[in-house]
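Residue numbers (our numbering), protein chains in the order written: chain A, 3 to 355; chain B, 3 to 355; chain C, 3 to 355.
Fair warning: there could be bad hints in the mix.
Copies of one chain are not kept apart here, so a pair can be met inside one copy or by any two copies together.
Straight-line alpha carbon distances no greater than 30 Å define the calculated DSSO-like cross-link-like pairs of lysine-lysine that follow [to be verified]:
| hint | residue 1 | residue 2 |
| --- | --- | --- |
| 1 | K336 | K347 |
| 2 | K307 | K254 |
| 3 | K121 | K200 |
| 4 | K11 | K293 |
| 5 | K200 | K156 |
| 6 | K200 | K307 |
| 7 | K159 | K200 |
| 8 | K156 | K121 |
| 9 | K254 | K336 |
| 10 | K200 | K293 |
| 11 | K61 | K200 |
| 12 | K11 | K61 |
| 13 | K156 | K307 |
| 14 | K307 | K61 |
| 15 | K48 | K121 |
| 16 | K159 | K61 |
| 17 | K307 | K121 |
| 18 | K159 | K121 |
| 19 | K11 | K200 |
| 20 | K61 | K293 |
| 21 | K336 | K121 |
| 22 | K307 | K48 |
| 23 | K254 | K200 |
| 24 | K121 | K11 |
| 25 | K307 | K293 |
| 26 | K347 | K307 |
Rather than coming from a laboratory, the hints here were simulated on the basis of the structure. Nothing here was measured: the structure is a model prediction, and the numbers come from that model.
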Amino acid sequence: MRLGDLANKINSRVVGDPDCEVTGVATLDDAGPGDLSFLANPRYIKRVAMTNAAAVCIKPDTKLGVKLGLNLRVKPENKPDTKLGINSAVREGPLNLLVSDDPYYAFTRAMVELVGFRKHPHEGIHPRAFVDPTATVGPGTVVYPNVYIGPRAKVGKDCILYPGVVVYDDCILGDRVIIQANAVIGNDGYGFATHAGKHHKMPTPGNVVLEDDVEIGGGCVIQRATMGTTLLAAGTKLGDLVAIGHGVELGKHCLIVTQVGIAGSTIVGDYVVMAGQVGVAGHLEIGSMVKIGAKSGVMEDVPPKTDILGIPAQPIAQARRTFIATLQLPELVKRVRELERTVAKLTPPSTEK
Amino acid sequence: MRLGDLANKINSRVVGDPDCEVTGVATLDDAGPGDLSFLANPRYIKRVAMTNAAAVCIKPDTKLGVKLGLNLRVKPENKPDTKLGINSAVREGPLNLLVSDDPYYAFTRAMVELVGFRKHPHEGIHPRAFVDPTATVGPGTVVYPNVYIGPRAKVGKDCILYPGVVVYDDCILGDRVIIQANAVIGNDGYGFATHAGKHHKMPTPGNVVLEDDVEIGGGCVIQRATMGTTLLAAGTKLGDLVAIGHGVELGKHCLIVTQVGIAGSTIVGDYVVMAGQVGVAGHLEIGSMVKIGAKSGVMEDVPPKTDILGIPAQPIAQARRTFIATLQLPELVKRVRELERTVAKLTPPSTEK
Amino acid sequence: MRLGDLANKINSRVVGDPDCEVTGVATLDDAGPGDLSFLANPRYIKRVAMTNAAAVCIKPDTKLGVKLGLNLRVKPENKPDTKLGINSAVREGPLNLLVSDDPYYAFTRAMVELVGFRKHPHEGIHPRAFVDPTATVGPGTVVYPNVYIGPRAKVGKDCILYPGVVVYDDCILGDRVIIQANAVIGNDGYGFATHAGKHHKMPTPGNVVLEDDVEIGGGCVIQRATMGTTLLAAGTKLGDLVAIGHGVELGKHCLIVTQVGIAGSTIVGDYVVMAGQVGVAGHLEIGSMVKIGAKSGVMEDVPPKTDILGIPAQPIAQARRTFIATLQLPELVKRVRELERTVAKLTPPSTEK
Numbered sequence: 003m004r005l006g007d008l009a010n011k012i013n014s015r016v017v018g019d020p021d022c023e024v025t026g027v028a029t030l031d032d033a034g035p036g037d038l039s040f041l042a043n044p045r046y047i048k049r050v051a052m053t054n055a056a057a058v059c060i061k062p063d064t065k066l067g068v069k070l071g072l073n074l075r076v077k078p079e080n081k082p083d084t085k086l087g088i089n090s091a092v093r094e095g096p097l098n099l100l101v102s103d104d105p106y107y108a109f110t111r112a113m114v115e116l117v118g119f120r121k122h123p124h125e126g127i128h129p130r131a132f133v134d135p136t137a138t139v140g141p142g143t144v145v146y147p148n149v150y151i152g153p154r155a156k157v158g159k160d161c162i163l164y165p166g167v168v169v170y171d172d173c174i175l176g177d178r179v180i181i182q183a184n185a186v187i188g189n190d191g192y193g194f195a196t197h198a199g200k201h202h203k204m205p206t207p208g209n210v211v212l213e214d215d216v217e218i219g220g221g222c223v224i225q226r227a228t229m230g231t232t233l234l235a236a237g238t239k240l241g242d243l244v245a246i247g248h249g250v251e252l253g254k255h256c257l258i259v260t261q262v263g264i265a266g267s268t269i270v271g272d273y274v275v276m277a278g279q280v281g282v283a284g285h286l287e288i289g290s291m292v293k294i295g296a297k298s299g300v301m302e303d304v305p306p307k308t309d310i311l312g313i314p315a316q317p318i319a320q321a322r323r324t325f326i327a328t329l330q331l332p333e334l335v336k337r338v339r340e341l342e343r344t345v346a347k348l349t350p351p352s353t354e355k
Numbered sequence: 003m004r005l006g007d008l009a010n011k012i013n014s015r016v017v018g019d020p021d022c023e024v025t026g027v028a029t030l031d032d033a034g035p036g037d038l039s040f041l042a043n044p045r046y047i048k049r050v051a052m053t054n055a056a057a058v059c060i061k062p063d064t065k066l067g068v069k070l071g072l073n074l075r076v077k078p079e080n081k082p083d084t085k086l087g088i089n090s091a092v093r094e095g096p097l098n099l100l101v102s103d104d105p106y107y108a109f110t111r112a113m114v115e116l117v118g119f120r121k122h123p124h125e126g127i128h129p130r131a132f133v134d135p136t137a138t139v140g141p142g143t144v145v146y147p148n149v150y151i152g153p154r155a156k157v158g159k160d161c162i163l164y165p166g167v168v169v170y171d172d173c174i175l176g177d178r179v180i181i182q183a184n185a186v187i188g189n190d191g192y193g194f195a196t197h198a199g200k201h202h203k204m205p206t207p208g209n210v211v212l213e214d215d216v217e218i219g220g221g222c223v224i225q226r227a228t229m230g231t232t233l234l235a236a237g238t239k240l241g242d243l244v245a246i247g248h249g250v251e252l253g254k255h256c257l258i259v260t261q262v263g264i265a266g267s268t269i270v271g272d273y274v275v276m277a278g279q280v281g282v283a284g285h286l287e288i289g290s291m292v293k294i295g296a297k298s299g300v301m302e303d304v305p306p307k308t309d310i311l312g313i314p315a316q317p318i319a320q321a322r323r324t325f326i327a328t329l330q331l332p333e334l335v336k337r338v339r340e341l342e343r344t345v346a347k348l349t350p351p352s353t354e355k
Numbered sequence: 003m004r005l006g007d008l009a010n011k012i013n014s015r016v017v018g019d020p021d022c023e024v025t026g027v028a029t030l031d032d033a034g035p036g037d038l039s040f041l042a043n044p045r046y047i048k049r050v051a052m053t054n055a056a057a058v059c060i061k062p063d064t065k066l067g068v069k070l071g072l073n074l075r076v077k078p079e080n081k082p083d084t085k086l087g088i089n090s091a092v093r094e095g096p097l098n099l100l101v102s103d104d105p106y107y108a109f110t111r112a113m114v115e116l117v118g119f120r121k122h123p124h125e126g127i128h129p130r131a132f133v134d135p136t137a138t139v140g141p142g143t144v145v146y147p148n149v150y151i152g153p154r155a156k157v158g159k160d161c162i163l164y165p166g167v168v169v170y171d172d173c174i175l176g177d178r179v180i181i182q183a184n185a186v187i188g189n190d191g192y193g194f195a196t197h198a199g200k201h202h203k204m205p206t207p208g209n210v211v212l213e214d215d216v217e218i219g220g221g222c223v224i225q226r227a228t229m230g231t232t233l234l235a236a237g238t239k240l241g242d243l244v245a246i247g248h249g250v251e252l253g254k255h256c257l258i259v260t261q262v263g264i265a266g267s268t269i270v271g272d273y274v275v276m277a278g279q280v281g282v283a284g285h286l287e288i289g290s291m292v293k294i295g296a297k298s299g300v301m302e303d304v305p306p307k308t309d310i311l312g313i314p315a316q317p318i319a320q321a322r323r324t325f326i327a328t329l330q331l332p333e334l335v336k337r338v339r340e341l342e343r344t345v346a347k348l349t350p351p352s353t354e355k
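Make a model of the complete structure from these sequences and hints.
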């Protein structure tokens, strides 16, 4: 595709040669002469100087320190950063830029144009999938082999259910929902009434609802509500091996990263981000736009727009202060011992107990 | 069902109208006029005043602060707790109660009466399941599509194996065992002899035994013993995505919650509770009735009836004391610095080094 | 098999009767009269005195405190250690030994000779597996029922894919790769460009490459690279429920234990060991021969041959020092309070603020 045509499609401005041909995409390090690449994190700016890419998506005010898009001749001191293992070749010659305010998004759109999404090997429901006769599946939805869709389940249109996905009875999926392989939607909640030394299983007539544009990672397990609905609102994305307890409600556009676990009945607002291996206790309320650092353990309600970290999770500034103080702790123990010695010498014998 | 008839079935006493009809179950917040609900946690007592339920399972000495079962008219100051998002309507008119010592258990039994457990869409072994000809499956057991049961495996009676469950060769399941979707029973233990720079795989002739009434959550993985048996004793329940190592033995009636991992050869007693994301090292002995707090990392043997918490796990009182002290730590660093200054001023010049 | 013949096969020396017959393998505790066992950890040395095994693999300089291989008569004070639950019977009579420098490896080889690896119930691709017509599967490879192998995927020779394994399009497996049940190879990376309040999915044209002799545990999920390849180099072994992010590269012969998560684009060297439930952030570089303790959270690059531990992970000696100091913390708070009182008394009134 002509660079100028691509720029029009992805709302970017060409600095350089609009007639240049781009045929693929790659990282700055791996890109070859026909590839488009991107710079989103200024930490990697040196890599732009050494990429073989035909063009790079970039922000308008990026200081490259070179004459952009015309004759990018890198000074000798701009050596490749061998620690990072990047190309040893130094680029000479023109580099074209596609300038926009959100180069990562622009690049994503360019990927869709140049590479596109997976072409599925079949359309509709594969004969090796099992769909209960009382379930419904919308048009445009692709159901891979070894998928199971249970009684009365409803799957919307243009969804993708990869191999081994299990959708239990009565669960509801909106449109454009994507479920990666071997994820489980709607298994029984972990609910038992312990009586006279036995754990008595509760029936779980509830279900799971995944709204439009939800994506579920590989091997995730999402329990149905005991009563009512476990809800993942529109646009929320789960990483792999995430566990969602019975009756949890996740708001819109949350990012719940790999191996997170959220216990039953917790209510989560919109645009919440949970990093890898976070655990959230049950029956909590997590406000909108909360960000939870990796491996945190959340034991209390969290007000909106709060960044938290740690086990148990605390506001992030406090967690960092505490951690830094912890590093000083062995030294502090010594200082207190030294103080005790000095003070003992200062204390007159009569004042001693 | 008539409330009086239901009360008889679940060993509860009616306060109110025994001729009232109940047709379903719901939480206090969601309940409609025909529903039964329950109050197990006194924290939610205000919700009883505002529920639309026909009747509520409750303890005998619960102080509702209203004239029970007759004319429940809530005083104006009993406003709905908007933080918790409960019904804004205030109930007027009679509320019936089902009084028993264990209202959660009574409610569970009522759920079984009123709603019942899942009706399976087929009986026995579904033709899309694969059962090795040398395996045996007991009567009343339901095997869903895409299940795999390997050579010489034995599955008892009245079990349920949901879609995608894999039972490896020689594993043994008792009666009434329930395995949620995509769980794996009896994969090879993680056992390698590292020699001359290579990890040599050990054969694993052992197996897994799940005794009667065990339930395994979605996506769990339970390794077979290298030699002998990985054992889950009767009545033990696992949450989702739990990993059990080779040769582990879990006692009776344990509750092992979501994303717990227990490393190889660890022996766990009866009635042990492990909260979410706990990790237990290998070759340990965990006594009966031990409770392990969420996200703990257990590195040592634990005597019976001990509550532990933390990474590494400590007795819970000590863990809490340490955590509270940690919160004071940045302040403590300042106080020590201040003390050092004061003491320096107090120290006569001659005694200084 | 004659003990002398077995000794030849596993490079060990017989102390005792080379004509003794061994027919099976077992742990020291469980072994019966025809069994071979092993002692690798000196902690279990007392069990040798009480085993019923016919022979034990052992190191040359092990001090058993008894007349080896001839007449092992245990003194009365060598009582069985009931805490460990071992055999109560005390062995009398000869015990044969198979002596080698690496008894665990010798025993592993003996297991292969005496027990062997699983005999698969079928050869090649089971008719209930689904292999895309454009995929290739090498000779000697066993593909179990309910496996899915996607378009253009390449599986080498002598591999084993257990039930429910999913290999996405374009992924490549070397020779002798073993994938335990329900593991997922090559699902979409967790990659979204957030723009105007929506998370836009990136296409993921990359793939996963598993080199020769890689083993993947049950329920693992390994994301394909967004661009390029997620790589697991030769001989690396994963435990169960491990999550590997998009574009991660693991070196040769790594041991990545159960429930570890490694975020996208992190590069890991050779012979790295990560214990259970470790989490590693994205875009990091972990040097070769690094060892990471259980439950650690790695937030920074780690130089080669470093042992680290903790959240966030620190060099292990520092982590232990800090933890020990933390245990003293409640006591330290008291000591500082005491010091403040003493110093206040020492301070002349005029110098007080």
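Each hint, compared with the structure:
1. K336 to K347: Both, since 17 Å and 20 Å are each at most 30 Å.
2. K307 to K254: within (15 Å within a copy, 43 Å between copies)
3. K121 to K200: For K121 and K200, the Cα distance is within 30 Å only across copies (24 Å; inside one copy 51 Å).
4. K11 to K293: Cα proximity of K11 and K293: none, with 33 Å in one copy and 48 Å across.
5. K200 to K156: Result: close only across copies, 25 Å inter versus 36 Å intra.
6. K200 to K307: between (43 Å within a copy, 18 Å between copies)
7. K159 to K200: between (44 Å within a copy, 19 Å between copies)
8. K156 to K121: both (24 Å within a copy, 18 Å between copies)
9. K254 to K336: Neither way: K254 and K336 sit 51 Å apart in one copy and 43 Å across, limit 30 Å.
10. K200 to K293: Cα proximity of K200 and K293: across copies only (17 Å, versus 39 Å in one copy).
11. K61 to K200: Between copies only: 20 Å across chains, 62 Å inside a chain, cut-off 30 Å.
12. K11 to K61: Within one copy only: 17 Å inside a chain, 66 Å across chains, cut-off 30 Å.
13. K156 to K307: This pair counts as neither: shortest intra-copy Cα distance 35 Å, inter-copy 47 Å.
14. K307 to K61: Intra 27 Å, inter 39 Å, cutoff 30 Å: intra-copy only.
15. K48 to K121: Neither way: K48 and K121 sit 35 Å apart in one copy and 55 Å across, limit 30 Å.
16. K159 to K61: The answer is neither: 36 Å in one copy and 48 Å across copies each exceed 30 Å.
17. K307 to K121: Neither: 39 Å inside a copy, 44 Å across copies.
18. K159 to K121: The answer is both: 17 Å in one copy and 27 Å across copies each meet 30 Å.
19. K11 to K200: Result: close only across copies, 19 Å inter versus 63 Å intra.
20. K61 to K293: Within one copy only: 26 Å inside a chain, 40 Å across chains, cut-off 30 Å.
21. K336 to K121: Close neither inside one copy (65 Å) nor across copies (62 Å); limit 30 Å.
22. K307 to K48: between (34 Å within a copy, 29 Å between copies)
23. K254 to K200: between (39 Å within a copy, 9 Å between copies)
24. K121 to K11: within (21 Å within a copy, 52 Å between copies)
25. K307 to K293: Only inside one copy: K307 and K293 sit 7 Å apart there, 34 Å across copies, limit 30 Å.
26. K347 to K307: For K347 and K307, the Cα distance exceeds 30 Å both inside one copy (52 Å) and across copies (46 Å).
Figure legend: structure checked against the earlier numbered hints; hints not met, in rising order: 4, 9, 13, 15, 16, 17, 21 and 26.
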